[in-house]
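Chains as they are written, first to last, in this note's numbering: chain A, 13 to 364; chain B, 13 to 364.
Just to be clear, a hint being listed does not mean it is correct.
Remember, identical chains collapse to one label, so a pair may be satisfied in a single copy or spanning two.
Within a straight-line C-alpha distance of at most 27 Å, the following computed DSS-like cross-link-like pairs (lysine-lysine) qualify [unchecked claim]:
1. K193 / K335
2. K193 / K302
3. K302 / K249
4. K295 / K84
5. K335 / K356
6. K16 / K249
The hints are simulated quantities; they were obtained by calculation from the structure and are not laboratory data.
Protein chains: 2
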Amino acid sequence: MPSKKVIYLGGVPIGGGNPITVQSMLRSSLSDLSSCLQEAWRLLEGGCEIIRVALYDEEQLSNLSSLKRSLKVPLVADVHFVPELAIKALLSGADGVRINPGNMRKVEVIKELARVAREEGKVIRVGVNLGSIPRERRAAYEDDASAMVDLALETIRLLEDEGFENIKVSLKASDVMTTVKAYRLASRVMEYPLHLGITEAGPVWEGAIKSAVGLGILLADGIGDTIRVSLTGDGLKEVEAAYVILRSLGLRKVGVEIVSCPRCGRCEIDLERIVREVEEKVKPIRKYMKVAVMGCVVNGPGEARDADLGIAGGKGKGVIFRKGEILETVSESKLVDRLLKLIKEVEGDEDE
Amino acid sequence: MPSKKVIYLGGVPIGGGNPITVQSMLRSSLSDLSSCLQEAWRLLEGGCEIIRVALYDEEQLSNLSSLKRSLKVPLVADVHFVPELAIKALLSGADGVRINPGNMRKVEVIKELARVAREEGKVIRVGVNLGSIPRERRAAYEDDASAMVDLALETIRLLEDEGFENIKVSLKASDVMTTVKAYRLASRVMEYPLHLGITEAGPVWEGAIKSAVGLGILLADGIGDTIRVSLTGDGLKEVEAAYVILRSLGLRKVGVEIVSCPRCGRCEIDLERIVREVEEKVKPIRKYMKVAVMGCVVNGPGEARDADLGIAGGKGKGVIFRKGEILETVSESKLVDRLLKLIKEVEGDEDE
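Looking at chain A on its own, in the form it has when it is part of the complex (with noise of 0.2 Å):
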């Protein structure tokens, strides 16, 4: 189940069953404010609906105050090693701030910092990495999800003694199952929202598999409140992996859902083409809807049958469906102007 507590975060609730919502990290440095405007604008276009900056020197601030007046989301600093810094950031304009208790000791500023947050309405996640926990300290348990989840705690209640329990939660370690394990155990000790990510999953390819693996197992156990897919590349594919897993299992309906079939040598038509292009000339549109882009007859028409909107290939030509009609059949060459012509129509139905 969703996380009992709801917080709200620059406005946004998280958790006790809200929309789950989608958030990416700006790779560009909080030393450049124009180069950090340019790459969040470009994931807001995307979907992206908190944005979270990397904060590691007090000269940042200012950009930090600049950026977030600039957004129309939460803004979330990035801080480690130095809570103080954390406590500036929130002064300074951020939503929230992630901490790392993996990295700071300093237990009477991380208290300041709750009594900050407190007054200031504002969010603190603590953001549990395995890979930042010292290693005695995580040797000293049964495995690394336990390790994981006790730090947590022993924050939250350094936060909660303060009086502050405007928090989110998050268990990262690489390996998917350890993940998992530290957010089942999490859900079930611990009322806050938890935010979902696979830490340094890797490229963008093998990084979106391995994040779609491990925070697909745990939705679709109704655990996770906030999502980010990390991914070594543009930040803009996390956010699109992001809601191509809550859209697959339901989570979120926003975008062009592409109901394909792997072509197989019945398929008489150039299938791999008109989908790439589907795919790219579909990519802006946010509203819902299932569009088929099926090659042959054998499955062709009963899926396309199912979808808004759908194609099935026959010998140089096509079949357009809408919601199970069959419109007219066309030639290969008019294929795909066609069906984005009749996408277009549902995008602007408002009915829909």
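Put chain B on the given structure of chain A with help from the hints.
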């Protein structure tokens, strides 16, 4: 848990806790033998362990025989509509056939198929595809998952009546949760090995993510004995995705797993380029190892400590680790070459 029964497809055990095998399907038409051979060899090099090909014309049977003679992995013929053709496929050398009960009506011919398969020691996959189930039949069930499982059971009974039990079962829908529900139900009511897949999952990127969600959920539950990721695009991507899914769950340890961080403002080396270069170069390696490519000191050394080999970036240079031991500090320009050399050493190391 895995299936209770074990079957043998061309000598390869499927089910009963045997390693989960990776399949793909040829895009080429069986009418074009040389194209099929080229495609198949490429898939085999990528680690594909079972190859399927669409058979839809009697004239393709001689090519089916030739293809089988040229491959050292099991070959499955994919047959729709015409069970007679499935019988001929088995007699022409295919190790198994996939039949689609949604579009095969001739009960007597299916029984004959079972007798032939039994005599020849071959496998029949009862391959249900939601899109192929007649509309009226589908409407008669409470949900699509039950409709799929019931159709599979009906066909299984036909085969069992002829004393045939060398069966595997698939229940594919393009909707992830419908597919998950169907396989979960099947794992409770039948003992045959399950071939997992999300049908018509879509283009390579989104289809791989969708498949990873669905297959990940099932495999984490212990359901599934052989898998095929269906993507519209290069079949090799299906094999790659399948191994990443299995590796994520610790079910098959094959190839180089790259742990790499998403790069943030703290990163001072060109991490993306390095990761892309390493990713490309290690693709042919089948031996399992974990290689970390980290951008900064925050998580870098910690995570790289867990990897067989790892690098963590500094300013224009990097530190190289091996199993937690710092080996050396090298300049950014030499980092990849040095890492690859060490990877090659681990690859050649027999006692690993």
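Should K335 paired with K356 be assigned to within, between, both, or neither, using CA atoms and 27 Å as the limit?
So K335 and K356 pass the 27 Å test inside one copy only (15 Å; across, 54 Å).
Identical-chain pair category, K295 with K84, by Cα at 27 Å:
Classified as within; 22 Å inside a copy, 42 Å across copies.
As a check of your reading, is K193 near K335 (CA-CA no more than 27 Å) within one copy, between copies, both or neither?
between (41 Å within a copy, 24 Å between copies)
With identical chains, the pair K16 and K249 could be close in the same copy or across copies; at 27 Å between alpha carbons, which is it: within, between, both, or neither?
This pair counts as neither: shortest intra-copy Cα distance 30 Å, inter-copy 40 Å.
Which holds for K193 with K302 at a C-alpha limit of 27 Å: within a copy, between copies, both or neither?
The answer is between: 20 Å across copies meets 27 Å, while 33 Å in one copy does not.
At most 27 Å between alpha carbons: which applies to K302 and K249, within, between, both or neither?
both (20 Å within a copy, 23 Å between copies)
When each numbered hint is compared with the structure, a violation occurs for hint 6 only.
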